[in-house]
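Let chain A serve as the given structure and place chain B on it in line with the hints.
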Amino acid sequence: MTKVLMKGNEVIAEAALRAGCRAFFGYPITPQNEIPEYFAREMPLRNGTFIQAESEIAAMNMVMGASASGARAMTSTSGPGYCLKLEALAAMTLTRLPAVVVVVMRNGPAFGTMNAAQEDYRMNGNGGYKVVTFAPSTIQEAADMTFEAFDIADQYRNPVVILADGMIGQMMGSVDFDKLPAKREHLPEKTWALHGRGQRNGKSEFLFIAEGKNHYQEKYDAETILYPEIKANETSVEIVDVEDADIVMCAYGTAARMCVAAVEAIGSEVKLGLIRPRTLWPFPYETFGQIGDPCKAIICPEINIIGQMIDDVRIASAGRWPVHHVGDSATGPLTPDGIIEKVKEVWKEMKV
Amino acid sequence: MIKNKITIAGSGGQGALSMGQMIAYAGLKEGLEATWLPSYGAEMRGGTANCSVIISEVEIPYPIVTEPDYCIVMNLPSLLKFESIVRPGGILIINSSMIPEKATREDLSVFYVPADEIAEEEKNPRGANMVLLGVYITIAGSIKEESIAAIIDKTFTGSKARFAESNKQLVTRGIEYGKNI
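Residue numbers (the numbering used here), protein chains in the order written: chain A, 4 to 355; chain B, 5 to 185.
Just chain A, with the same shape it has in the complex (with noise of 0.2 angstroms):
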């Protein structure tokens, strides 16, 4: 097969129906909506279930029960849906329950406007837990990153989130899903997976805590086996030209775009780098150890404002360099002359 031009929504549902999902549970909201709409129309075709819920609340009960039972099921929302969906999600977390949520963030707080935006990276449910969250900076690796979702959600037995920007979800670039990772092999049985009634054979009794341990030895060991292995196992980051860069940028989606371009437009000069963390969690910290002598600054651009990451750029940075953020302005979201006016900004008082 060769490139394709899809819209990113479509390009994440195409994505998830190679990766096995065959059961999607949704309500409809803005930059998102394509991902419904594509499952509406394919799930039939595909054998799969499609169901626009009653409300996110609903929608993400469904996706727990749908995988209680052992399918590979998936959601999709953006920032006010997510908040009603963390409830369910944080209880799959502790009940062990794989699945895939998408994250499509436009602008809030709350309803915010439907602009494009990086608002939910903070996001999360009651309680302490830990869940993949990829970030998605071109169309391809929308597609790559959902695919391999499917895979890293039942390989560890803990929901995925991809967090997309607005501009993921909206635009069209080009795809070729002859070039989705390899799947996982050896991905374990789902023993636990309910299917059918007693009196059939099946598996009709789930345990709420998994394998009978209690609340704290599941939470435990948590901590102790489960995250630590994630971290050393899908932490992923690329990594551009940070040994001799005076200033180095860390973004992700398409605020990572934008590095590029302003990269393009002042490179020659100050010399820029850029860390772009491909899962927010685990968050690539130790990547911050290759940043080299001639760095002065940590410039953190976010399409949102005060900033969210920046906290991990923070912990990172260990108080090495300073952090700046650049975000929204007072007239519109973050854009590449944005970055470009704090790059120089910043060069300006670094070299007085």
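Don't take each hint at face value.
Sample of chain A residues facing chain B (criterion: CB under 7 angstroms; computed from the structure) [as the list claims (entries may be wrong)]:
1. Leu-8
2. Met-174
3. Gly-176
4. Ser-177
5. Met-261
6. Val-263
7. Ala-264
If you are wondering where the hints come from, they were derived from the structure by calculation, not from laboratory data.
Model, not experiment: these values are computed from the prediction.
Note that beta-carbon positions come from the ideal geometry of N, C-alpha and C, so glycine has one too.
Chain B in isolation, oriented as in the chain A frame:
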């Protein structure tokens, strides 16, 4: 290198977005990288629609066009909104059937195309976007008419198949018009 950065704007239903998609499809068909990004949300709901299209020989860093090489405007609000952002020396294509005003900038190459009138002549009153697409093909020289024709055949199928020939004819009319302005 990046070949064309294009902004196309009109009112909802004029076909600005689908025209942009066709350019992107054609670019990809001809081995280029292509991105298409629509305006959406509040902006679109207000009645104007616009899209950013980039076709490029190299990977496209950022899909939003802030300074287009080519700007195609299909109604007056679009001209007022986008004339100012065109790259100095860039090209502005104006649907003069819908826009009686002239462009005010002198550093642009401006082409006035009575796209709706040409579409009416071909008895396809909703096809003004295809005329403008033809004009763009001539002026930019970045994509081929055959690519667009193939995409039209692929896009207009089933009950819409009867519009395919007429749309291709309108692209040809636009190409001819572009040669003579």
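Verification of the supplied hints:
1. The beta carbon of A:Leu-8 is positioned within 7 angstroms of a beta carbon in chain B (closest approach about 5 angstroms), and the interface hint is therefore held.
2. Interface restraint check: A:Met-174 against chain B, minimum CB-CB distance 4 angstroms, threshold 7 angstroms, status holds.
3. Interface hint status for A:Gly-176: upheld, as the beta-carbon distance to the closest one in chain B is roughly 5 angstroms, under 7 angstroms.
4. Residue-level restraint check for A:Ser-177 holds (minimum Cβ-Cβ distance to chain B is 6 angstroms; threshold 7 angstroms).
5. The beta carbon of A:Met-261 comes within 6 angstroms of a beta carbon in chain B, closer than 7 angstroms, and the hint placing it at the interface holds.
6. Satisfaction of the interface hint for A:Val-263 is found here, the shortest Cβ-Cβ separation to chain B being roughly 4 angstroms, below the 7 angstroms cut-off.
7. Given hint, A:Ala-264 at the interface with chain B, holds; its Cβ is 4 angstroms from that chain's nearest Cβ, closer than 7 angstroms.
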